[in-house]
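Start from the sequences, fold in the hints, and give me the full structure.
Spelled out, the chains give:
There are 8 protein chains.
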Amino acid sequence: MKVAVVMGSISDLPVVEPTIDTLKKFGISVEAHVMSAHRTPDKAHDFAVSAKENGIDVIIAAAGKAAHLAGVLAAYTILPVIGLPIKSSTMDGLDSLLSTVQMPPGIPVATVAINGGENAALLAIQILSLKYQDLEPKLTEYKANMAKKVNEADEKFQKELKLK
Amino acid sequence: MKVAVVMGSISDLPVVEPTIDTLKKFGISVEAHVMSAHRTPDKAHDFAVSAKENGIDVIIAAAGKAAHLAGVLAAYTILPVIGLPIKSSTMDGLDSLLSTVQMPPGIPVATVAINGGENAALLAIQILSLKYQDLEPKLTEYKANMAKKVNEADEKFQKELKLK
Amino acid sequence: MKVAVVMGSISDLPVVEPTIDTLKKFGISVEAHVMSAHRTPDKAHDFAVSAKENGIDVIIAAAGKAAHLAGVLAAYTILPVIGLPIKSSTMDGLDSLLSTVQMPPGIPVATVAINGGENAALLAIQILSLKYQDLEPKLTEYKANMAKKVNEADEKFQKELKLK
Amino acid sequence: MKVAVVMGSISDLPVVEPTIDTLKKFGISVEAHVMSAHRTPDKAHDFAVSAKENGIDVIIAAAGKAAHLAGVLAAYTILPVIGLPIKSSTMDGLDSLLSTVQMPPGIPVATVAINGGENAALLAIQILSLKYQDLEPKLTEYKANMAKKVNEADEKFQKELKLK
Amino acid sequence: MKVAVVMGSISDLPVVEPTIDTLKKFGISVEAHVMSAHRTPDKAHDFAVSAKENGIDVIIAAAGKAAHLAGVLAAYTILPVIGLPIKSSTMDGLDSLLSTVQMPPGIPVATVAINGGENAALLAIQILSLKYQDLEPKLTEYKANMAKKVNEADEKFQKELKLK
Amino acid sequence: MKVAVVMGSISDLPVVEPTIDTLKKFGISVEAHVMSAHRTPDKAHDFAVSAKENGIDVIIAAAGKAAHLAGVLAAYTILPVIGLPIKSSTMDGLDSLLSTVQMPPGIPVATVAINGGENAALLAIQILSLKYQDLEPKLTEYKANMAKKVNEADEKFQKELKLK
Amino acid sequence: MKVAVVMGSISDLPVVEPTIDTLKKFGISVEAHVMSAHRTPDKAHDFAVSAKENGIDVIIAAAGKAAHLAGVLAAYTILPVIGLPIKSSTMDGLDSLLSTVQMPPGIPVATVAINGGENAALLAIQILSLKYQDLEPKLTEYKANMAKKVNEADEKFQKELKLK
Amino acid sequence: MKVAVVMGSISDLPVVEPTIDTLKKFGISVEAHVMSAHRTPDKAHDFAVSAKENGIDVIIAAAGKAAHLAGVLAAYTILPVIGLPIKSSTMDGLDSLLSTVQMPPGIPVATVAINGGENAALLAIQILSLKYQDLEPKLTEYKANMAKKVNEADEKFQKELKLK
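Residue numbers (the numbering used here), protein chains in the order written: chain Z, 1 to 164; chain P, 1001 to 1164; chain H, 2001 to 2164; chain E, 3001 to 3164; chain A, 4001 to 4164; chain D, 5001 to 5164; chain F, 6001 to 6164; chain R, 7001 to 7164.
In case anyone wonders, no lab produced these hints; they're calculated from the structure.
Watch out, some of these pointers could steer you wrong.
Straight-line C-alpha distance at most 30 Å; calculated BS3-like pairs for lysine-lysine [said to hold, decoys possible]:
| id | chain 1 | residue 1 | chain 2 | residue 2 |
| --- | --- | --- | --- | --- |
| 1 | D | Lys5156 | E | Lys3043 |
| 2 | E | Lys3024 | D | Lys5131 |
| 3 | D | Lys5149 | A | Lys4052 |
| 4 | A | Lys4149 | R | Lys7052 |
| 5 | Z | Lys131 | R | Lys7162 |
| 6 | R | Lys7149 | F | Lys6052 |
| 7 | D | Lys5156 | E | Lys3052 |
| 8 | R | Lys7159 | Z | Lys43 |
| 9 | P | Lys1002 | P | Lys1138 |
| 10 | D | Lys5052 | F | Lys6156 |
| 11 | E | Lys3025 | D | Lys5162 |
| 12 | F | Lys6052 | P | Lys1162 |
| 13 | F | Lys6002 | R | Lys7025 |
| 14 | R | Lys7156 | Z | Lys25 |
| 15 | P | Lys1043 | E | Lys3148 |
| 16 | P | Lys1024 | Z | Lys2 |
| 17 | H | Lys2164 | H | Lys2024 |
| 18 | D | Lys5131 | A | Lys4002 |
| 19 | R | Lys7002 | A | Lys4164 |
| 20 | F | Lys6025 | F | Lys6052 |
| 21 | P | Lys1156 | P | Lys1138 |
| 22 | E | Lys3149 | E | Lys3131 |
| 23 | A | Lys4164 | R | Lys7087 |
| 24 | H | Lys2052 | H | Lys2002 |
| 25 | Z | Lys52 | R | Lys7164 |
| 26 | E | Lys3138 | D | Lys5162 |
| 27 | Z | Lys25 | Z | Lys2 |
| 28 | D | Lys5149 | E | Lys3052 |
| 29 | Z | Lys156 | H | Lys2087 |
| 30 | F | Lys6025 | R | Lys7131 |
| 31 | P | Lys1002 | E | Lys3162 |
| 32 | E | Lys3002 | D | Lys5131 |
| 33 | R | Lys7162 | A | Lys4164 |
| 34 | H | Lys2164 | A | Lys4002 |
| 35 | H | Lys2002 | E | Lys3025 |
| 36 | E | Lys3052 | H | Lys2025 |
| 37 | P | Lys1159 | F | Lys6002 |
| 38 | D | Lys5148 | A | Lys4052 |
Written as structure tokens, this is what we have:
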């Protein structure tokens, strides 16, 4: 099982790093590339066209501003493409979000929150877990851990409240 | 392979119908429900908690305004949840979109375009096709058909241009 | 009389602290919790379902991004739920505001300003003062104090103006 | 127990009618007025200043555009004021919403959804039910009825699905 | 000739200072106050009702968030009221702008740019110059000075360009 | 006393008609023109440059989309310029509003609500009333009439309420 | 001299028709195609790559929603690409505008107004007129005609004003 | 071949500098001016009216807030005018963008991204390359260089990935 993480510019890396790290924590093979729908369109084309035969299961595409990367890749593949809108302009990410999510009928992009690097990975893992069922207990554990952290924060907070 | 299509209100049906129809065209078993994160929260809880053991692979949740349905279901399951924001308020669907897509870290919702009923189905099919590989040629054919329709529209348009 | 203050994440505490402090200044018993509609949905459910019998009069729910917490709690209780949208995303709090206020018919959330921690408390106190009438003179005094502060700022400003 | 429903213009009546009807269905005494923060400011002032001694428990203020009515009334009373933003301009109600909800510290307005007439009433009833406990079973029944309607819509929909 | 400059909070002073300074440079008598439509509504009422007989010609009202001050004053006077929206919330001033400018028919507020303190003064001066004609040459000189500054910046820039 | 009402396109007339009618009701001499900052820039220039010597006291400029008309006229005159943003694009008037109100320091435009034709006239009248004091009782009467209409609507509404 | 007009869907034709008509009125050879960046990406690629050698001088690309067409074509050619955002979604064209105009450094798209079909043509003609100088008098005449129409509308309006 | 770069205020220089530098790198003669549509309207008029006879091929106009500069220049010339919206207000550049791009029929402005200084230059160069064909290989080389930089960033990133 393999996920490709593609970013439109190396400056998107701080948002994409949690994506890569989360995928690796789940033991998923990760391929990551810098490629641009606008500056290296042929590379994007070649990547998307051959993604499936290269063993990629899911593509995560991170881009900002007029964020075409996810949509352009989705045009060339039947693999699920997850769009990760990056806040990289002066528009607070609204341009990236709308450019990514408002896809026309026929070519969906599974869009997550602006700068939602970790969630892009988790969505890919949920998708993969349909096929690779050993991911399921890991996802269940991940959810339990999240709940645990919230509960621990609450417990610590209760103590602070009492001391006040 | 089974997809559950859930809508927050029966008034969402016109947007959801193309979702159901597209899934059926691909030969996918569809379960569809009206249930509300706010008005029938227990039903939503019970549905999400047991979705996996009921054989559901992917959940599509359509809702409008402060659209919590997709996020609430995603909280209770590790299945991939696709959010379909409905334009049902006076805010042109921006409220539905932001309520669906801006999920906090840990609980992703795979969001498609506002009123993008067909795309919600296609995304589910792309996800399923990782596991059920006989969907792949159908997706490829679907893409080819779309291209064909665009090309036919172009051909017809070229003739009209000449007649002008 | 008791108000429960619930926040979706411990990182919301700086906005929530003035809520807790204001309630305490009015002599109101406060219960405060970290719980998430998405990461600890069962805890949220259990809290809401039993809030009334646990002696809670009003619930204040603070959350950001796709802020479902107030709506989810309101689904499970007939107590008044005050929604406090937190600016915790890149969207300037617009996502939190719309996710909180645009509730569908049947399940209202009494929404205050983005990051309006103090106002969430005051609204709760106004609600409580219908039943607990000894709060009324305190509210009247609070209003008088606010006016006094504005007037003092004005007096100081008048002196500075004259010195100019 | 009495709720005052105030609208800035008689043209707001279609949104306000469900507010009045819902309150009456719960057996609550309703006082309704047309008054404007801008065109009849003295009337608004006099109303707010004497609302409490006139036996009013909660005020619902509906207004559109630069919607100052709820805030102006809240300035003059310690009663809870519910703001109902009306979509009456070309701005899709965003101006009404922000003018109503973004109140400065000290003077909260409990804001419901744009054009959310029914929810304004329900919020008032939830607030009243703290003091008037015979409203509680009615609210519980109201919630049950809503759930029932969703379930009936679902049942009808299931039958239609099977016939397809 | 006298202009009153009113601000909703002393924290608005940095935006209001250029207003006061510009008015004074033109030799206009300035009255400045801190008063709030919400926290000191009676003071605002009394000020507006008596503004005309106190010799005030124009009122400038600066406020942020749900900025009701200009509209509330305009309700009580026939003097021209200039609204100066302050960026004091997390909404980039859009809430202040819409709350100030979107006034209903009958009660106009002459709105200037968000944080446009200098322009509020200049607009007041333009209005006064209809009646007090000795302001006209000063306004003409002010415009000439602005043009001169732009031209000087251009000349300096041309030299830098040549040195490059 | 004379007001010039200028519109960027004859299609703006429905919004501008109440402006002209209101001015005439107050006995004010009105000059009205169709002229465009973009299509007839010389005409706009000539108009603005000579407005003052042509006896014009106040200019009202109505325009939509990238609405430059008010700002362009203001650049060429020291008369007060009132900007009336027209909803003439697909952007709900937000483009017209921002293009009109967000003027840079030095050149204010007194902006009224989107499509606020009547308010543009009333603002001009308030400005004129500083100099032409016989307008004052008319403005006071206008305000009284508005209040009367609101009160009559209220009285009619009270009767309907009782009949219910 | 030749301009290619490309639209993402035949449903964009009503906006694109004035583009084609305006170009033809100026005697410019027009090639028009329906092609989609998402549904016929190879066709879009082939078109852009060979546009220059096919004698095309300027490309106009019309698309709506997540409007990638102009950006994708611009990636493959050094010809100037004019982006024409279409209002084809529920978002009032804001998604189309931001997806078209917010291009990253290196690949500009010359964006015109939402649904600005005529302006897309005029911009292409202005660009062509640098090289094909016989277009210049036609552009000058076009501008004169526009001014004439505004002036005629004004004259007609002046007569109506007098009759009133 | 000559491009004029005009900015509304010297404070826009940081955005405009990459424009000038990019044009110079391509060997294009650059004229640059500070001039304001509002503070030096005559200068702007004179510049635009004589731009063509002064040998200018393309005009780039940078301005912020209610950004009228590009539109005003376009009104007076048939040269292509490129609008560069500057983020200089509190509105994140949305005001500058809409004021620049939403031009009415007849007077297009070729708008690039907010703060897109480099793209404004590149668009001008693409336009010039139609007439001055020796720019073509330079544009092709520029695109190749951009691709090279993306590829180098990718290669460096691949090495870092392996070391992890």
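Hints and how they fare:
no. : hint                  : in the structure
1   : D/Lys5156 - E/Lys3043 : holds, 16 Å
2   : E/Lys3024 - D/Lys5131 : violated, 53 Å
3   : D/Lys5149 - A/Lys4052 : holds, 25 Å
4   : A/Lys4149 - R/Lys7052 : holds, 27 Å
5   : Z/Lys131 - R/Lys7162  : holds, 27 Å
6   : R/Lys7149 - F/Lys6052 : holds, 25 Å
7   : D/Lys5156 - E/Lys3052 : holds, 25 Å
8   : R/Lys7159 - Z/Lys43   : holds, 19 Å
9   : P/Lys1002 - P/Lys1138 : holds, 16 Å
10  : D/Lys5052 - F/Lys6156 : holds, 25 Å
11  : E/Lys3025 - D/Lys5162 : holds, 16 Å
12  : F/Lys6052 - P/Lys1162 : holds, 23 Å
13  : F/Lys6002 - R/Lys7025 : holds, 29 Å
14  : R/Lys7156 - Z/Lys25   : holds, 23 Å
15  : P/Lys1043 - E/Lys3148 : holds, 11 Å
16  : P/Lys1024 - Z/Lys2    : holds, 29 Å
17  : H/Lys2164 - H/Lys2024 : violated, 42 Å
18  : D/Lys5131 - A/Lys4002 : holds, 14 Å
19  : R/Lys7002 - A/Lys4164 : holds, 17 Å
20  : F/Lys6025 - F/Lys6052 : holds, 23 Å
21  : P/Lys1156 - P/Lys1138 : holds, 26 Å
22  : E/Lys3149 - E/Lys3131 : holds, 29 Å
23  : A/Lys4164 - R/Lys7087 : holds, 26 Å
24  : H/Lys2052 - H/Lys2002 : holds, 10 Å
25  : Z/Lys52 - R/Lys7164   : holds, 26 Å
26  : E/Lys3138 - D/Lys5162 : holds, 25 Å
27  : Z/Lys25 - Z/Lys2      : holds, 13 Å
28  : D/Lys5149 - E/Lys3052 : holds, 27 Å
29  : Z/Lys156 - H/Lys2087  : holds, 23 Å
30  : F/Lys6025 - R/Lys7131 : holds, 22 Å
31  : P/Lys1002 - E/Lys3162 : holds, 16 Å
32  : E/Lys3002 - D/Lys5131 : violated, 49 Å
33  : R/Lys7162 - A/Lys4164 : violated, 44 Å
34  : H/Lys2164 - A/Lys4002 : holds, 17 Å
35  : H/Lys2002 - E/Lys3025 : holds, 29 Å
36  : E/Lys3052 - H/Lys2025 : holds, 24 Å
37  : P/Lys1159 - F/Lys6002 : holds, 19 Å
38  : D/Lys5148 - A/Lys4052 : holds, 23 Å
The structure shown violates the earlier hints numbered 2, 17, 32 and 33.
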